[in-house]
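Chains as they are written, first to last, in the working numbering: chain A, 18 to 300; chain B, 18 to 300.
Hints are not guaranteed to be accurate.
Where chains are identical, the list cannot tell them apart; a pair therefore holds if satisfied intra-copy or between any two copies.
[Unchecked claim] Below, in silico cross-link-like pairs of lysine-lysine (PhoX-like), each with a Cα-Cα straight-line distance of 25 Å or less:
| no. | residue 1 | residue 2 |
| --- | --- | --- |
| 1 | LYS139 | LYS27 |
| 2 | LYS142 | LYS115 |
| 3 | LYS20 | LYS247 |
| 4 | LYS225 | LYS20 |
If you are wondering where the hints come from, they were derived from the structure by calculation, not from laboratory data.
Number of protein chains: 2
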Amino acid sequence: MMKIGYLGPKATFTDLAVTTMFPQAEKISYDTIPECIDAVSHGKVELGVVPLENALEGSVNLTIDYLIHEQSLPIVGEIIAPIQQHLMVHPYHVNGWKDVQEIYSHSHAIAQCHKFLHTHFKKAKYVYMTSTSAAAKFVSEHPHLHIAAIANRLAAEEYGLTIVRENIHDYDYNHTRFIIVRRQNEELTIDSPLYAGDKTTLMITLPKDQAGALHQVLSAFAWRKLNLTKIESRPAKTGLGNYFFIIDIDQKMDDVLIPGAIAELEALDCTVQVLGSYPYYIV
Amino acid sequence: MMKIGYLGPKATFTDLAVTTMFPQAEKISYDTIPECIDAVSHGKVELGVVPLENALEGSVNLTIDYLIHEQSLPIVGEIIAPIQQHLMVHPYHVNGWKDVQEIYSHSHAIAQCHKFLHTHFKKAKYVYMTSTSAAAKFVSEHPHLHIAAIANRLAAEEYGLTIVRENIHDYDYNHTRFIIVRRQNEELTIDSPLYAGDKTTLMITLPKDQAGALHQVLSAFAWRKLNLTKIESRPAKTGLGNYFFIIDIDQKMDDVLIPGAIAELEALDCTVQVLGSYPYYIV
Numbered sequence: 018m019m020k021i022g023y024l025g026p027k028a029t030f031t032d033l034a035v036t037t038m039f040p041q042a043e044k045i046s047y048d049t050i051p052e053c054i055d056a057v058s059h060g061k062v063e064l065g066v067v068p069l070e071n072a073l074e075g076s077v078n079l080t081i082d083y084l085i086h087e088q089s090l091p092i093v094g095e096i097i098a099p100i101q102q103h104l105m106v107h108p109y110h111v112n113g114w115k116d117v118q119e120i121y122s123h124s125h126a127i128a129q130c131h132k133f134l135h136t137h138f139k140k141a142k143y144v145y146m147t148s149t150s151a152a153a154k155f156v157s158e159h160p161h162l163h164i165a166a167i168a169n170r171l172a173a174e175e176y177g178l179t180i181v182r183e184n185i186h187d188y189d190y191n192h193t194r195f196i197i198v199r200r201q202n203e204e205l206t207i208d209s210p211l212y213a214g215d216k217t218t219l220m221i222t223l224p225k226d227q228a229g230a231l232h233q234v235l236s237a238f239a240w241r242k243l244n245l246t247k248i249e250s251r252p253a254k255t256g257l258g259n260y261f262f263i264i265d266i267d268q269k270m271d272d273v274l275i276p277g278a279i280a281e282l283e284a285l286d287c288t289v290q291v292l293g294s295y296p297y298y299i300v
Numbered sequence: 018m019m020k021i022g023y024l025g026p027k028a029t030f031t032d033l034a035v036t037t038m039f040p041q042a043e044k045i046s047y048d049t050i051p052e053c054i055d056a057v058s059h060g061k062v063e064l065g066v067v068p069l070e071n072a073l074e075g076s077v078n079l080t081i082d083y084l085i086h087e088q089s090l091p092i093v094g095e096i097i098a099p100i101q102q103h104l105m106v107h108p109y110h111v112n113g114w115k116d117v118q119e120i121y122s123h124s125h126a127i128a129q130c131h132k133f134l135h136t137h138f139k140k141a142k143y144v145y146m147t148s149t150s151a152a153a154k155f156v157s158e159h160p161h162l163h164i165a166a167i168a169n170r171l172a173a174e175e176y177g178l179t180i181v182r183e184n185i186h187d188y189d190y191n192h193t194r195f196i197i198v199r200r201q202n203e204e205l206t207i208d209s210p211l212y213a214g215d216k217t218t219l220m221i222t223l224p225k226d227q228a229g230a231l232h233q234v235l236s237a238f239a240w241r242k243l244n245l246t247k248i249e250s251r252p253a254k255t256g257l258g259n260y261f262f263i264i265d266i267d268q269k270m271d272d273v274l275i276p277g278a279i280a281e282l283e284a285l286d287c288t289v290q291v292l293g294s295y296p297y298y299i300v
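So here's chain A without its partners, still in its complex pose (with noise of 0.2 Å):
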């Protein structure tokens, strides 16, 4: 059985993203990104999966400076999944859920709720865990208490809570990343449904800022029409205001292309260091 390491605790969205993914495998929880990273860079687990993008918990930024300063392992997958909050209670507080007191939740999941807390538990007061799982679990643990969590639906599976309201989150299309890492750049042989297409991920160092250094990047692959489907521009740690930039192509590392692109951005000067060429699936 394929060992999986994932950002905990159990029951997070990393949890259920991987659940989802990868129904099979043996799951292991860690409690930071670099300590999930780690563990895929010895050898402990297969696969490791953090967040990237949008997270509830754990820090985008992370990961992919986790990534690149200090163990610099493949890119071999990613999971989009969307962001579904959920209200639940205690199963002995099914019937009186309307007049909760308390709700507990990571700050983010309450914040991603605003509006349906806003126009339901105005009286309410909100309490904040470390995460969403954690509300889930402490609210699974005071049963005498009448309090209410905002968490997935793998949290109420998890530790027994009924969801009293599905769904409550503002939007519809808020989704996270997360990334699959590997300690070798084996492409991952997974037959899924769940298979949306493959992108390639590159980041990018300029030679100095200077206008319209980005723009002559760009050009690279404009002229390829090769499409971006994300490009993000992060500070280096080297010094303020330096920048390295990532960028996402909508398709895997060919043989003319992509390597084209790249020998014209280092012929610029540019440092470019391809992060993964991997399939995406949408869970």
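Mind docking chain B on chain A? Use the hints.
Just chain B now, kept in the frame of chain A:
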């Protein structure tokens, strides 16, 4: 005295930024980014300060998303603050600090001090709190426990802890950006020695997902020699695969160049929104 709302609780990094930038102001803490922005919008505070990038407490994405989708307030200033993490203990434990058994902090702060902790506290247990300041508070309230917190200077002062090791974060050039929002788009009239320059932030929506569209957009800036210091694509909440871009130009709104670029983009069927043109301060 000017009232300033900020993302709380007390003694977080947002509080530290506000305290450094506006030492004379009356500070009012809000539990979430939406609440803080709403308070500005409803006139309860004159300015609001919320994290925009690289934050420990508070999701970066939430700030831009809330400003774009819910409360369209202008950005009138920016504060750039280094992330400096310190190890602190109750004064009782100053001598024995190297033997603390548990270290309390926000999970991101613990991740940011990964190398230091890995070297000096390999056997300690890490306990996650909802914020660095909550960790400092807990340590101050449990003098009998042999524990430490990782938090900022302000938290040590606020909760009477002693810093036993300064600057334990892994990277010196790690910064957080905070934006200052206001109900009306009036200039901040602060004559501050921390003033470091001006920038203009635009939100640009491309007409459709097409190869090279972004390149075309950047041309409008490049040939005018407008220098971009940040570019970030963000998923729109209108459907998977829809994006908008946030762009920072390193100058104030002028009468010719930026309006010219905007007119050109609109002629290309882009939607352009000026989120603010404002001074930035490095604290």
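How the hints compare with the structure:
| no. | hint | in the structure |
| --- | --- | --- |
| 1 | LYS139 with LYS27 | between (30 Å within a copy, 23 Å between copies) |
| 2 | LYS142 with LYS115 | within (13 Å within a copy, 39 Å between copies) |
| 3 | LYS20 with LYS247 | neither (30 Å within a copy, 38 Å between copies) |
| 4 | LYS225 with LYS20 | neither (42 Å within a copy, 41 Å between copies) |
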